[in-house]
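Chemist: Residue numbers (this note's numbering), protein chains in the order written: chain A, 29 to 371; chain B, 711 to 1210.
Please note: incorrect hints may appear among the correct ones.
[Claimed, not checked] Partner residues aside, some chain B positions facing chain A, computed with beta carbon under 7 Å: (1) 790; (2) 822; (3) 1154.
[Unchecked claim] Which stretches of chain B does chain A cover? Using the computed rule of at least three CB atoms under 8 Å from a CB of chain A, they are: (4) 734–741; (5) 849–856.
Simulated from the structure, these hints should not be mistaken for laboratory data.
Cβ coordinates follow ideal geometry from the N, Cα and C atoms, glycine included.
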Amino acid sequence: MLDLFARNRVATLIVVLAVAYAAIGAAAPGYLSGTTASVVVSSSLVLMLISLGTMIVILTRNIDVSSGSVLGLSAAVLGLSLNAGVSLPLAIVFCLATGGLAGAFNGLMVAYLGIPSIVATLGTLGLYRGIMLVLTGGRWIEDLPQGLKALAANLGFGFSALTIVVLALVILAWIVLRKTRFGRYFYAVGDNRAAAHHLGVPVKRVQFTAFVATGVCAALAGVVFSAQIGFIPNQAGSGIELKAIAVNVLGGVSLLGGTGSVAGVFAAVIFITSIDSALVFLKIPAYWNDFIAGAILLSVLLLDGRIRQIIDRRIRARRYAVHDRGPTQSAEATMARTLEAGR
Amino acid sequence: MTGSPAAGRVAKLTDIWKSYGAVPVLKGVSLALQAGEVHALLGGNGAGKSSLMKIMSGVIQANSGAIEINGRALAHASPAHAQDLGLYLVPQEAHILPNQSVLENICLGLAASPRVLRSRVEQLVAELSVSLDLDAQAAALEIAERQIVEILRGLVRDARVLILDEPTSALTPFETNALFQRVRMLQAQGVGIFFISHKLREIREICGTISVLRDGVIVLSGSLDNYSDAEIIDAMSRVQIAEGSGKERGGRKVSQIGKPRLSVRGLSGEGFRNISLDVRAGEILGLAGVVGAGRTEFAETLFGLRPQTAGSVIFDGAELTKRSPRLCIDRGLVYLPEDRQQHGLFLEAPLFWNVSSYLVHRLPFFLRPGSERKVFDEFRASMGIKCTGPGQEARGLSGGNQQKVLLAKCLSARPKVLILDEPTRGVDVAARNDIYELIRKLAADGVAIILISSDFDEIEQLADRVEVMAFGQSGGEITENISVDAIARLAFGASEARHA
């Protein structure tokens, strides 16, 4: 029973989500509607991208706290290029390349130079934000062309072009991580690095790739952010990396690496975003948002921690039970003792 | 046996040398393995077995020498390369990815399609007649099953050479039998197997040939039938004339031994059961056994680090229940852990912090570094710790000096009973003699000492009495004529013992 619960974190989360929706739907009729769904989905896109990238890095038993700054930096590159007259597709390419480069630098430091990921990305958290501020001269980027904002426009059923891209990316990530050999490597490297190396997995390259993927995801989040807001403030994306880590934990991604699923992260992002929208609907003042989100996160983690402890204790007990299995074990010892007695 | 090039040869090592820094561990080892041969590889701790294995399986690079697997040379040290050539090392502790499925664990890193791999693994599972749920999570696997997973990893990679590193050390007799049946099946299929073990009885049961490694040299090699157990144990444990070490006993008189300090009655816990022993003031009790015999678990249970399941511990006439490290330290029962890097020292902290760390709960709220330094300086003088000063970080010291600092830390608690777990592991000869002297002096001062060691020479030199642990149980006691041979016979659980 416990094993089932621990293994099916996603299912648990979906059940909690369903119960929460039912309760909110009962308390505030009209919440459960297509409009709410489309609002939730479109306002979850940025967090979805950052969380997805962060997940890939966490799977390999690293962490990336710089993705908010990567978002800001690549959004600035996008905005500056556009305002300099670069065409939209090319500007997006610049933006994604910036994210990829930023991620590659993180990956280089962690995978090849051996700097602990928390230290390396704390450094680049400041560095990338700093580069952004230098590039923009500390000013907000406004007057973005209509073409960019059109990417976030509703194409029908509340879906924008960006929604479709992000959902496609989520599905792609799911396929790569679940169904391909290289995807399996991310799990293996985080689960037991020595074992992965022992079996010929290119441990360093896998970690490096994870950081590059995260950078590209953060850059895409920068595109979404700019298109949705219509301007790029200095602090674009600031603090979202911590929210993304929280989402990952909530979605069942172990910070120790090796476990987690795209479905879990997806559900957790929708969950967190839904809370925000539900609070509005229930007319609870917005300043309760953080308190409630934090409380929910902590309760899930406490429960999860207890379950894990119990499972660990069981595994340990099973391991040492080896020595308590019947009298045959003591054959050698008895023989030796008989020998001693006979002397 | 390295000479004749047989058609069925699957592995050949020629003149392998390896040293770590200035310390040579392998001095020209040559070995060969035929298809279908089960070749026992024996050696005491530190004989070079594990280095040899790591070199064969591509984990570390030899300084010189050639390795040939299935007729092709191992060109560079990489586990994947060795596996490509057809050699797989089944380590003593399986490398398991706990969060992946069993099938994923077996097939990780292989290029074939999942369906092909699955059917191949299923076929192998059937051939070996094991029952294994391929879709279960690996974390839940039992130790024996983890080992099967490792063996399957090798087989699915078409390994023609398997190295089994102490495969039975954590298995029950039933599981051991099952493993041996599988080894015989593999043997029939022409797989060559290096079988590393401490247990002579098992070696007799499963192996056809044997090589004994001592101090980095093969001292005995050939068909197992040609050698008696006594010859093998003798080859393994023959006392080397060590470089300038004081080999004579401590010269303390038994009359110095006082009243019982610690009595353990029927103690059971994780990894050992039903252990009873007594140790008296001024006595050095050797607790001998091979790695994995349960000695460290026993000591950690005494010191309150692990839960006990049965038995009692009587310290100075009163039963010590609900033990915790703090309680034990306060009463004077002190444990020096086996792994000084992980459990002993605070490597980044200054030496004087290390020494006062055992008693940190007794220090005043506002620390007085001056007096802590003074305490350290006293130990430094009396033990001959070589360092730049009390403020030096522990990481910078040599193994021997680190061990002395650790000992000073234990002594700062003024122990009545001191449990020393492998006190000279990784320590050079000179520092080793210093530590021996210290241990003797402590005993002369009336401290009761339990000396845990896998180095039987060490026990022979120091101990007044020896308890042997084997397979998690008491393996016997030696009160007179303590010798390496006698200890080895009990510790290895040799069948030879029957007619000794």
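Chemist: Give me the numbers of the hints this structure contradicts, sorted from smallest to largest.
Modeler: Hint check: 2, 3, 4 fail, others pass.
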